[in-house]
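Undergrad: Protein chains in written order, with the working numbering: chain B, 1 to 81; chain X, 1 to 150.
Please note that the accuracy of each hint is not assured.
[To be verified] Within a straight-line C-alpha distance of at most 30 Å, the following computed BS3-like cross-link-like pairs (lysine-lysine) qualify: (1) B:K13 - B:K48; (2) B:K5 - X:K74; (3) B:K19 - X:K74; (4) B:K23 - B:K5; (5) B:K48 - B:K11; (6) X:K30 - X:K41; (7) X:K38 - B:K48; (8) B:K11 - X:K38; (9) B:K5 - B:K19; (10) B:K19 - X:K30; (11) B:K19 - X:K41; (12) B:K48 - B:K19; (13) B:K48 - X:K41; (14) X:K30 - B:K5; (15) B:K23 - B:K11; (16) B:K11 - X:K41.
By construction, these hints were calculated from the structure, which means they are not laboratory data.
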Amino acid sequence: MALEKELETYKMKLPELMKDEGKFVLIHGDRVIDTFASYEDAIKEGYKGFGINPFLVKQIHSIEQVQFISRPLIPCSTYPS
Amino acid sequence: MPHFTLSLTQQGAILIAVVGVSAARASALKDANLPIPKYEKVTAMVDTGASSTCIDPSVLLALNLTPTGSVLVKTPSTGLQPVSADQYDVSLIVPSSDTSHVPLAIATLPVICCNDFLQSQGFHALIGRDVLSHCILIYNGGEMTFTIAY
Chain B
1 MALEKELETY KMKLPELMKD EGKFVLIHGD RVIDTFASYE DAIKEGYKGF
51 GINPFLVKQI HSIEQVQFIS RPLIPCSTYP S
Chain X
1 MPHFTLSLTQ QGAILIAVVG VSAARASALK DANLPIPKYE KVTAMVDTGA
51 SSTCIDPSVL LALNLTPTGS VLVKTPSTGL QPVSADQYDV SLIVPSSDTS
101 HVPLAIATLP VICCNDFLQS QGFHALIGRD VLSHCILIYN GGEMTFTIAY
């Protein structure tokens with residue numbers, strides 16, 4: 001599944017990432033590459049370092065933030081909740 | 001301040017936008033000597049009820065994208081618990097109807113993949129509050145128009 005390893009790494013490393021809460025972390029496989037002040041900077045570094053290979057960019061939060069959509073859409077996911 | 005004004009439709013504030021790969025992905029594709037997919041024209045609704053911009057998977061597939069994120073999403077279709085959704089990085093351009101104004105352009109925007117757009121909604125995307133956070137939105141119900149300044 002897409003980003004399964006990276007999402008596991010994020011969950012595992014979250015306690016130590018909490019010092020950068022609110023920033024965006026770049027993860028490739030089981031490695032935390034760095035944290036960035038903006039989403040755009042993290043994405044840029046991801047493509048620079050890994051090309052079109054999988055990498056994860058995620059905003060660091062102690063409690064996962066939820067996006068709310070008021071229309072009856074079905075989110076697509078390759079990773080189970 | 002650049003802006004455009006469009007007529008409200010029966011569905012609401014609908015506009016035509018183009019979606020492409022993000023600037024960073026375009027650069028990576030170029031470095032790998034891979035073709036950069038052409039922009040996809042989409043019909044989108046401006047929706048203040050969406051915290052994030054959402055796009056139909058057919059558009060993301062046409063751009064040959066793979067997810068670079070995962071977020072929790074709650075919609076009226078997901079029940080009480082939020083569910084995971086794939087997030088993709090794209091570029092978004094909304095051309096201004098006034099050619100003297102620069103278009104509304106975002107080089108790298110995280111969007112959520114959502115099904116059931118075309119079948120149930122009749123359009124490809126929702127422009128959410130993440131994009132509107134860069135704009136001024138005026139909904140003029142009396143004149144049946146909406147204006148976005150950016």
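Undergrad: So, for every hint listed, does it hold in this structure?
TA: The hints, checked one at a time:
Using a Cα cut-off of 30 Å, the hinted pair K13 (chain B) and K48 (chain B) holds, with the two alpha carbons roughly 23 Å apart. With a CA separation close to 24 Å, the supplied pair K5 (chain B) and K74 (chain X) stays within the 30 Å bound. A distance of roughly 28 Å separates the Cα atoms of K19 (chain B) and K74 (chain X); the hinted pair therefore holds under the 30 Å criterion. Restraint check for K23 (chain B) and K5 (chain B): the C-alpha separation of about 20 Å stays at or below 30 Å, so the hint holds.
In summary, the hint linking K48 (chain B) to K11 (chain B) is supported, as the alpha carbons are separated by about 24 Å, within the 30 Å threshold. Taking the CA atoms of K30 (chain X) and K41 (chain X), the gap is about 22 Å. The hint holds against a cut of 30 Å. Taken as a hint, the K38 (chain X) and K48 (chain B) pair is honoured in the structure, with Cα atoms around 21 Å apart against an allowance of 30 Å. For the given pair, K11 (chain B) sits about 36 Å from K38 (chain X) by alpha-carbon distance, which is inconsistent with the 30 Å threshold.
Distance hint between K5 (chain B) and K19 (chain B) is fulfilled; the C-alpha atoms sit about 22 Å from each other, no more than 30 Å. Restraint check: the Cα-Cα separation between K19 (chain B) and K30 (chain X) comes to about 36 Å, which exceeds 30 Å; the hinted pair is violated. For the hint pairing K19 (chain B) with K41 (chain X), the CA-to-CA distance comes to about 41 Å; that exceeds 30 Å, so the pair is violated. Between the alpha carbons of K48 (chain B) and K19 (chain B) the distance comes to roughly 25 Å, so the proposed pair stays at or under 30 Å and holds.
With a CA separation close to 27 Å, the supplied pair K48 (chain B) and K41 (chain X) stays within the 30 Å bound. Of the pairs offered as hints, the one joining K30 (chain X) and K5 (chain B) holds, with about 27 Å between alpha carbons and a cut-off of 30 Å not exceeded. Distance hint between K23 (chain B) and K11 (chain B) is fulfilled; the C-alpha atoms sit about 15 Å from each other, no more than 30 Å. Taking the CA atoms of K11 (chain B) and K41 (chain X), the gap is near 37 Å; set against the 30 Å cutoff, the hint is violated.
Of the hints listed earlier, those the structure fails to meet are numbers 8, 10, 11, 16, in rising order.
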